[in-house]
Amino acid sequence: MMRNILILACNDLAIALKNKTFFLILFIPLFVFVTLNLVDVTGVEASKIKIGLVQQEAFTPEITQSISAAENLIEITWVENTEAGIRLLTERKIDGILTRNEAETDSLALIVLKKDSIQTVAIMQTFSALQKAAEGGRPDWITGIQALHKGGIQRETLPTWVLMLVLLIGFIILPAQVAEEKEKKLLLALLQTPITEAQWLIAKLILGMLLTLAAVLFLHLLGKFGPVHLFDYIAILLAGSFCFSAFGIFLGFLCRSQASARTLGVIFYLPHLLPSAMADVSQKLTAVAPLLPSYQLYKPLQSILLENASLTDMTFDWIYLILLGSLMFVLSYLLMKKRWLM
Numbered sequence: 001m002m003r004n005i006l007i008l009a010c011n012d013l014a015i016a017l018k019n020k021t022f023f024l025i026l027f028i029p030l031f032v033f034v035t036l037n038l039v040d041v042t043g044v045e046a047s048k049i050k051i052g053l054v055q056q057e058a059f060t061p062e063i064t065q066s067i068s069a070a071e072n073l074i075e076i077t078w079v080e081n082t083e084a085g086i087r088l089l090t091e092r093k094i095d096g097i098l099t100r101n102e103a104e105t106d107s108l109a110l111i112v113l114k115k116d117s118i119q120t121v122a123i124m125q126t127f128s129a130l131q132k133a134a135e136g137g138r139p140d141w142i143t144g145i146q147a148l149h150k151g152g153i154q155r156e157t158l159p160t161w162v163l164m165l166v167l168l169i170g171f172i173i174l175p176a177q178v179a180e181e182k183e184k185k186l187l188l189a190l191l192q193t194p195i196t197e198a199q200w201l202i203a204k205l206i207l208g209m210l211l212t213l214a215a216v217l218f219l220h221l222l223g224k225f226g227p228v229h230l231f232d233y234i235a236i237l238l239a240g241s242f243c244f245s246a247f248g249i250f251l252g253f254l255c256r257s258q259a260s261a262r263t264l265g266v267i268f269y270l271p272h273l274l275p276s277a278m279a280d281v282s283q284k285l286t287a288v289a290p291l292l293p294s295y296q297l298y299k300p301l302q303s304i305l306l307e308n309a310s311l312t313d314m315t316f317d318w319i320y321l322i323l324l325g326s327l328m329f330v331l332s333y334l335l336m337k338k339r340w341l342m
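Throughout the sequence shown, residue numbering follows UniProt numbering, covering 1 to 342 in sequence.
No lab work stands behind these hints: they were computed from the structure. Hints may contain errors.
Label pairs and their in silico Cβ distance ranges [claimed, not checked]:
(1) Ala69 - Ile145: 20 to 30 Å
(2) Leu323 - Ile206: 12 to 22 Å
(3) Gly226 - Leu334: 39 to 49 Å
(4) Leu219 - Lys132: 40 to 50 Å
(5) Gln146 - Thr315: 21 to 31 Å
(6) Thr64 - Ser310: 44 to 54 Å
(7) Leu327 - Lys184: 46 to 56 Å
Only pairs whose alpha carbons sit at most 25 Å apart, straight line, appear in this in silico SDA-like list of lysine to any residue [what the hints assert, rightly or not]:
(8) Lys48 - Thr120
(9) Lys93 - Ala287
(10) Lys50 - Leu201
(11) Lys184 - Leu201
Just so you know, even glycine gets a beta-carbon here, dropped at the ideal spot from N, CA and C.
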């Protein structure tokens, strides 16, 4: 009996090696290790923070002199008014805005995206150190913090969950389905009928987009959250689901079996999800995340859901998603014409 069990176990291990499942098991811990090393744990204080100062505000000499003396720690951007500063803040060009605190005339108010972000902590620590060096034990200069992202933790994490659903359907579900139809020769059989390659691809794209919209709608119904600009939100969701559905179909054509398609899907899924979702808690990931296609969807989702922004402010993002999706569609069509791994 033990001999049969060992033979079966070795056979399963050989199959896992053949269909790349074993490599997936090694890839996931390696990727998590690399990601965790990119997360800022120490040394945040040494990073230069970018502060916007409103030109119309009159700051005390102690504050302006201390900020000017700390040029190796603080990068100053003068803005015409608070609205201009908020625009730079939402574009992630600065980390925060300092204005006069209306409640306490001798202190400052800080405007940030999120109160619990790495950037906010760094600003508070830096200005607390400057205040103690300049004035000793007097109260801190910054006595009020205003966050642009309003709402509880459920609302703040909503863009991450939406991105997760879009990528799950695009990188896991669709590649496996495409590979299954190839593996079982269903696709070849369909192509013997009047159905053309373009029709099959468009149908798969529609499937991916409908699955995405249904999943996101269900998520909003459960959470009872809704965007202010509904049509802008639907438009960026359609662009994102089109892009990653086409991406997933292309990945499915690169694989011979369902198992290899799922493995390849996870290899693309994690690097697209984690850097974008964790960009707000790591300055290193903030630099890496914009290089990924998923960030061009995550950033507009954040802006629309948390900052009530509109689609007119994110033209580059939706054009990028549509162009990338179109490229993946064309590549899938070419592979389908060549009957790649069918």
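Here's how the hints hold up against the structure:
no.	hint	result
1	Ala69 - Ile145: 20 to 30 Å	holds (24 Å)
2	Leu323 - Ile206: 12 to 22 Å	holds (19 Å)
3	Gly226 - Leu334: 39 to 49 Å	holds (41 Å)
4	Leu219 - Lys132: 40 to 50 Å	holds (46 Å)
5	Gln146 - Thr315: 21 to 31 Å	holds (28 Å)
6	Thr64 - Ser310: 44 to 54 Å	violated (36 Å)
7	Leu327 - Lys184: 46 to 56 Å	violated (28 Å)
8	Lys48 - Thr120	holds (12 Å)
9	Lys93 - Ala287	holds (12 Å)
10	Lys50 - Leu201	violated (46 Å)
11	Lys184 - Leu201	holds (18 Å)
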